[in-house]
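When you get a sec, could you build the whole thing from the sequences and use the hints?
The opening residue of the sequence shown carries number 61 in our numbering; numbering runs sequentially from there.
Treat the hints as calculated values from the structure; they're not laboratory data.
Since we're looking at a predicted model, the values are computed, not measured.
It is possible that some hints are incorrect.
Once the Cα atoms are required to be at most 16 Å apart in a straight line, the calculated EDC-like pairs of lysine to aspartate or glutamate come out as [unchecked claim]: (1) 289 / 214; (2) 287 / 206; (3) 289 / 111; (4) 218 / 248; (5) 255 / 214; (6) 218 / 205; (7) 218 / 200; (8) 131 / 98; (9) 255 / 206; (10) 289 / 107; (11) 218 / 231; (12) 287 / 111; (13) 287 / 231.
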Amino acid sequence: MKKEDEKLKNLFLSEEQTETNKPRVDCPAPEELARFFDPEVSLDFKENIVDHLVQCSACQQEFELLRLAEKLVTEIDDQLLEPKKSFRLKLRSLLPSAPFLKQAGITLAAIMVIFSLFYFLNLNGRKSQQVERNSREANDLMMLEEISQAPLVEISLKWQPIQEALFYQVEVFNHNMYLVWQSSPVTDTLIRLPKEIADNLKTNSHFFWQILIYSPGERIIESPVRKVKLGHQ
Numbered sequence: 061m062k063k064e065d066e067k068l069k070n071l072f073l074s075e076e077q078t079e080t081n082k083p084r085v086d087c088p089a090p091e092e093l094a095r096f097f098d099p100e101v102s103l104d105f106k107e108n109i110v111d112h113l114v115q116c117s118a119c120q121q122e123f124e125l126l127r128l129a130e131k132l133v134t135e136i137d138d139q140l141l142e143p144k145k146s147f148r149l150k151l152r153s154l155l156p157s158a159p160f161l162k163q164a165g166i167t168l169a170a171i172m173v174i175f176s177l178f179y180f181l182n183l184n185g186r187k188s189q190q191v192e193r194n195s196r197e198a199n200d201l202m203m204l205e206e207i208s209q210a211p212l213v214e215i216s217l218k219w220q221p222i223q224e225a226l227f228y229q230v231e232v233f234n235h236n237m238y239l240v241w242q243s244s245p246v247t248d249t250l251i252r253l254p255k256e257i258a259d260n261l262k263t264n265s266h267f268f269w270q271i272l273i274y275s276p277g278e279r280i281i282e283s284p285v286r287k288v289k290l291g292h293q
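Structure below.
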């Protein structure tokens with residue numbers, strides 16, 4: 061079913077879609093977005109980045125590219141380097157070994173991926189300070205949440221129907237704007253989050269969600285990203 065959902069989504073994204081220019085105002089540079097993943101960065105800085113991402117779909121795309129690159133480097137480090145060792149000790153343990161050159165080559169390839177991403181983002185995002193949008197936003201869409209705390213946490217998301225919609229797809233993000241769940245295409249305007257997702261979200265003060273509205277003519281309408289505050293558990 062998941063493969064079919066991906067095929068269906070790719071069907072709408074494969075052809076050339078109607079594009080609308082949207083100016084980028086006060087957007088952070090890609091270097092600033094990348095600092096979000098630095099564990100030494102202050103919480104206030106991260107909150108400012110998250111607040112901007114809620115309002116800027118273009119930066120959301122850049123953020124997702126950076127997140128995937130950061131995840132790739134982390135996975136390579138986990139595979140190549142033993143845990144509970146400092147970087148200096150890890151490097152020293154690799155130098156005498158025969159496979160070192162191969163391992164170093166893989167790490168170098170990951171670094172090149174990072175630089176390529178920055179090059180791409182700078183060329184396409186900073187020259188004209190504009191981004192070509194492949195979808196338009198449904199800014200006036202009414203979105204609501206129903207959250208019950210006892211005996212179990214249940215989170216239901218609902219929205220007003222769109223006349224031109226063929227089906228909807230819901231995306232849920234945690235407090236750091238990481239995508240944690242995506243629904244299958246649905247025609248109803250009410251969806252209940254799985255228990256494990258709701259339990260995971262309740263450990264933080266808030267989460268975000270968005271609706272993708274698939275309409276005729278291979279168009280995708282994006283709802284605003286909505287922030288939902290949760291009570292302390």
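Report task. Identify every previously stated hint that the structure contradicts and give their numbers, smallest first. Result -> Every hint satisfied by this model.
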